[in-house]
Amino acid sequence: MGAMDISVITQLFAKASSLQRKRAVLTVAAIAWGTVAILMLLSFGQGLRDQLVRGKHGMGENLAVWWPGETTKVWEGLPQGRAIRPRMDDINYLRGRMPTASNVVGEITSWQTTLTWGTTTVSNRVTGVNWEFGEMRYHWPRAGGRFINTRDEAEKRRVIFLGNELAEDIFGDLEPVGETLLVNQAPYLVIGVMQRKIQMGTYKGPDEGNAVIPITTFASQFGRQQLSNIVYKVSRPEDMPQAQREFNEGLAAKFRFDPTDEAVTGVWDTARGAEIMDQSMLGMQIFLGIIGALTLLIGGIGVANIMYAVVKEKTREIGVQMALGAHRSWITWPFVLQGVAYTLLGGVFGMVIALVLVSLIALVPVEGNQALEFLGKPTLSWHIAAATALILGGVGVAAGYFPARRAASIDPAETLRYE
Amino acid sequence: MNWALPKRRAAAPPSNGHIIQMRAIRKVYDTGKIQVEALRGIDFEVCRGEFVAVVGPSGSGKSTLLNLLGCLDTPSGGDYLLGGEPVAGLDKDRLADVRNRRVGFVFQNFNLLPQLTALENVEMPMLFGGIGRKERRRRAVEGLEKVGLGDRIDHRPTELSGGQMQRVAIARALAMEPDILLADEPTGNLDTSSGTDVLSLLEELWNQGSTLIVVTHDTAMARRANRVIEIRDGLVVDDQRTSTARDSAASSDGTAN
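Chains as they are written, first to last, in the working numbering: chain G, 1 to 419; chain B, 1 to 257.
These are calculated hints, taken from the structure and not from any lab test.
Quick caveat: nothing in here was measured; it's all calculated off a predicted structure.
Hints may contain errors.
Claimed, not checked - In silico DSS-like cross-links for lysine-lysine, where the CA-CA straight-line distance does not exceed 25 Å:
#: 1; chain 1: B; residue 1: 134; chain 2: B; residue 2: 146
#: 2; chain 1: G; residue 1: 22; chain 2: G; residue 2: 312
#: 3; chain 1: G; residue 1: 73; chain 2: G; residue 2: 254
#: 4; chain 1: B; residue 1: 146; chain 2: G; residue 2: 312
#: 5; chain 1: B; residue 1: 92; chain 2: G; residue 2: 15
#: 6; chain 1: G; residue 1: 56; chain 2: G; residue 2: 377
#: 7; chain 1: B; residue 1: 134; chain 2: G; residue 2: 15
#: 8; chain 1: G; residue 1: 312; chain 2: G; residue 2: 15
#: 9; chain 1: G; residue 1: 197; chain 2: G; residue 2: 377
As the list claims (entries may be wrong) - Computed footprint of chain G on chain B; a stretch qualifies when at least three of its residues, placed anywhere within it, have a C-beta under 8 Å from a C-beta of chain G:
#: 10; stretch: 67 to 79
#: 11; stretch: 122 to 132
#: 12; stretch: 137 to 151
All C-beta atoms in this analysis are idealised placements derived from N, C-alpha and C, irrespective of residue type, glycine included.
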């Protein structure tokens with residue numbers, strides 16, 4: 001396309017842009033509405049996605065959880081059906097065998113244990129853990145408290161760390177840190193309360209209901225050393241298969257079972273879970289995007305409709321322009337530009353409205369709001385804006401192109417013949 | 001006597017003087033079920049500086065002929081040379097260029113663009129012809145002055161009378177200094193006095209050297225032409241070059257409706 005073409009097209013476009021105002025306003029509004037719809041859907045999708053990621057990470061990232069099991073394969077003369085039951089001391093052995101894992105911890109759980117403070121008694125699970133558990137499983141202490149440390153574990157101190165819900169159940173609004181809590185009548189010092197967090201995945205119940213003590217203290221008081229489960233962590237998700245291999249081989253060597261026996265080696269791999277969730281969230285966003293795009297498409301059909309009407313109304317004028325020597329592209333391009341102009345105008349309005357809406361929703365406090373706690377805050381990202389702009393552009397070009405094609409197919413001889 | 005040549009009927013003048021040469025032109029409209037043969041073999045030439053009136057009853061093929069002459073439509077058969085160049089086989093944009101540079105159209109219903117001023121209407125073909133903004137404006141003002149509308153350049157068509165609109169249309173048709181001016185019933189929508197004005201304007205243009213082909217029912221128009229071609233059923237049935245207009249008017253009187 002030469003400079004002259006562009007010059008002619010822009011001049012014709014400038015002359016033709018004064019149109020029926022009412023129809024144009026309605027059409028621009030339809031596009032704006034479609035844009036708001038697509039942006040809000042995608043923003044809510046993004047917010048939900050962020051919230052779910054945050055929630056999933058609430059338990060900790062890149063973790064694998066292992067539970068004891070029974071063998072299903074014979075191995076080196078040993079029969080199947082043997083119970084594999086690692087003990088507290090095996091954690092150190094496993095740490096030695098798993099260079100890829102950034103950490104390994106054991107848990108021993110006592111269900112329905114009596115917790116008493118003053119006249120308040122609740123029945124709750126109590127879990128003995130290694131001190132590294134706090135950082136791996138994101139048990140961040142509230143201000144004024146702390147998690148179990150190495151000395152607690154080494155010296156078998158009677159200290160207890162509480163989930164925030166459990167702490168509230170027992171202590172109400174009072175500060176639990178420094179209080180003495182009886183665990184099966186044995187006194188424990190409350191050293192910390194977990195910060196509130198959003199958590200999706202769980203294997204014993206939400207962490208906010210946890211009561212955690214040093215694993216060594218647990219062994220002394222409850223007389224149990226058999227682990228309820230093992231948790232190990234890698235620093236990067238892609239290290240997980242290697243860490244699992246090391247774990248299986250280490251455990252199998254010690255307990256003499258087939259390292260390929262999945263009944264024993266099976267774990268809950270949160271890194272893999274995260275991958276699946278990422279994909280399904282992406283799927284959800286695409287789905288929402290399609291719904292939004294369809295809404296926008298209706299607006300686009302509105303634009304195309306108005307353009308068709310304009311072509312029909314201007315049939316004679318187009319015929320005259322052709323008779324005077326207009327090339328077909330000089331007829332079609334102003335229509336395409338008009339379609340794009342209407343669509344972009346509506347798109348800009350829609351983006352402004354969506355931005356205002358998202359900003360308003362952001363002012364609503366999330367704390368204590370069930371809906372927002374689950375949905376998260378709608379988030380307008382650059383990706384979303386770019387994707388919307390792209391769809392808008394496509395809709396605009398299509399809305400202008402098809403009517404323009406009809407305009408170009410006008411036969412000047414035909415239109416000029418009749419009144 | 002060389003200048004007596006226009007009196008001779010159907011004698012072919014030398015081709016370098018021909019602006020239009022048509023040989024065995026046919027036009028068939030295919031409506032699907034039936035084929036309508038609007039032109040059944042037209043032969044004629046038009047020389048530079050002629051004023052040709054095309055007369056004939058409705059449905060005789062006059063408008064079809066005018067569309068073919070103006071390259072708005074392409075013939076189904078035959079040869080058409082416009083300014084010595086064959087028109088057949090040109091694509092739509094090249095035909096548009098031919099219309100732009102060689103042909104000026106004047107329509108019965110003016111066909112001005114309603115949202116544009118008189119000046120912008122006259123500028124339109126020059127825009128398509130690639131003439132720069134300033135030059136366009138200068139020539140458009142000049143053209144409007146020439147047709148007596150120098151004081152109406154910023155008026156829109158709705159603010160002009162029929163006669164004024166037709167004069168704007170004529171200025172527009174002349175803007176690109178075309179080889180021929182094609183007019184289809186240019187006075188058909190005008191009252192007598194406006195029609196006379198427009199007729200005088202066309203005659204004046206002819207006197208200044210323009211080549212005019214006018215389809216008309218108007219006997220006054222036919223009387224002023226130097227040549228009258230009568231068409232019936234898609235064929236040329238009469239072609240008279242005359243200096244005395246009344247002779248040709250007589251032949252067209254009976255056919256006008």
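Going down the list of hints, with the structure as the test:
Of the pairs offered as hints, the one joining residue 134 of chain B and residue 146 of chain B holds, with about 18 Å between alpha carbons and a cut-off of 25 Å not exceeded. At most 25 Å may separate the alpha-carbon atoms for a hinted pair to count; residue 22 of chain G and residue 312 of chain G meet this at roughly 17 Å. Note on residue 73 of chain G and residue 254 of chain G: the hinted pairing holds, with a Cα-Cα distance of about 16 Å set against a maximum of 25 Å. A C-alpha spacing of about 35 Å is found between residue 146 of chain B and residue 312 of chain G, which places the hinted pair above 25 Å, so the restraint is violated.
The straight-line distance between the Cα atoms of residue 92 of chain B and residue 15 of chain G is roughly 24 Å, inside the 25 Å bound, and the hint therefore holds. With a CA separation close to 16 Å, the supplied pair residue 56 of chain G and residue 377 of chain G stays within the 25 Å bound. A hinted pair counts as satisfied when its Cα atoms are at most 25 Å apart, and residue 134 of chain B with residue 15 of chain G qualifies at roughly 17 Å. A threshold of 25 Å between alpha carbons decides the hint, and for residue 312 of chain G with residue 15 of chain G the separation of about 18 Å falls inside it, so the pair holds.
For the proposed pair residue 197 of chain G and residue 377 of chain G, the alpha carbon gap of about 16 Å is at most 25 Å, so the pair holds. Coverage of the stretch 67 to 79 of chain B by chain G holds in this model, with 4 residues showing a Cβ closer than 8 Å to a Cβ of that chain against a need of three. Counting residues of the stretch 122 to 132 of chain B whose CB lies closer than 8 Å to any CB of chain G gives 6, which reaches the minimum of 3, so the coverage claim holds. For a cut-off of 8 Å, the count of residues in the stretch 137 to 151 of chain B with a CB near a CB of chain G stands at 0, and the three-residue condition is violated.
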